[in-house]
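Peer 1: Sequence:
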Amino acid sequence: MKFEEYKERELPAARIGSEELYVVCLCAAWCGVCRQYEVEFNAVQAQFPHIQFAWLDVEDQECVLGDIDVETFPTLLVGSKSGPMFLGPLLPQIKVLERLLLALQAAPQAASTLPLEAKPLWGRVVAQWHSLKR
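Using the numbering used here, you'd call the opening residue of the sequence shown number 6 and step up by one each time.
Hints in this document: simulated from the structure, not taken from any laboratory.
In this text the structure is predicted, and so the values were computed from the model without any measurement.
Just so you know, not all the hints are guaranteed correct.
For each label pair, taking beta carbons as the anchor points, the in silico distance ranges come out as [as the list claims (entries may be wrong)]:
hint: 1; residue 1: 94; residue 2: 25; range: 21 to 27 Å
hint: 2; residue 1: 38; residue 2: 86; range: 18 to 24 Å
hint: 3; residue 1: 98; residue 2: 54; range: 30 to 36 Å
hint: 4; residue 1: 103; residue 2: 40; range: 17 to 23 Å
hint: 5; residue 1: 50; residue 2: 93; range: 16 to 22 Å
hint: 6; residue 1: 136; residue 2: 55; range: 18 to 24 Å
hint: 7; residue 1: 93; residue 2: 37; range: 16 to 22 Å
hint: 8; residue 1: 94; residue 2: 67; range: 14 to 20 Å
hint: 9; residue 1: 41; residue 2: 104; range: 17 to 23 Å
hint: 10; residue 1: 34; residue 2: 110; range: 17 to 23 Å
hint: 11; residue 1: 45; residue 2: 110; range: 15 to 21 Å
hint: 12; residue 1: 65; residue 2: 120; range: 32 to 38 Å
hint: 13; residue 1: 51; residue 2: 122; range: 26 to 32 Å
We put the beta carbon where it would ideally sit given N, CA and C, even for glycine.
Turn these sequences into a full structure, and let the hints steer you where they fit.
Peer 2: What follows is the structure in structure tokens.
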């Protein structure tokens, strides 16, 4: 399925596991903060081996973003088979990411306060998960 063909009602959730969390960091290669954060982002994966991680360069993979304009880096998208749970900027500190992941694991439900673009973005990410994952 091409990104342009994605429709919100066609969330391809079967492409990911049922109970796992998926974390996508939306960054840019030109961003110095992102380059520094990538090292820590990679390191935190060892602490959460049951969580899947991906790094999405917003310029290299524009078609995944659609009309979303990421203004603050890093921005994280976290979700599960049931849908997106978090979309927003995050302080580039690993302890903040750790706390977010622990909180989402403790209460694994989709947030009702997500931006409107979270669900379509999640669908596009899921559709291409295997090309994004680290």
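Peer 1: For every hint, state whether the structure bears it out.
Peer 2: Comparing the hints with the structure gives:
| no. | hint | verdict |
| --- | --- | --- |
| 1 | 94 x 25: 21 to 27 Å | holds, 23 Å |
| 2 | 38 x 86: 18 to 24 Å | violated, 31 Å |
| 3 | 98 x 54: 30 to 36 Å | violated, 21 Å |
| 4 | 103 x 40: 17 to 23 Å | holds, 20 Å |
| 5 | 50 x 93: 16 to 22 Å | holds, 20 Å |
| 6 | 136 x 55: 18 to 24 Å | holds, 21 Å |
| 7 | 93 x 37: 16 to 22 Å | holds, 21 Å |
| 8 | 94 x 67: 14 to 20 Å | holds, 19 Å |
| 9 | 41 x 104: 17 to 23 Å | holds, 19 Å |
| 10 | 34 x 110: 17 to 23 Å | violated, 30 Å |
| 11 | 45 x 110: 15 to 21 Å | holds, 19 Å |
| 12 | 65 x 120: 32 to 38 Å | violated, 22 Å |
| 13 | 51 x 122: 26 to 32 Å | holds, 31 Å |
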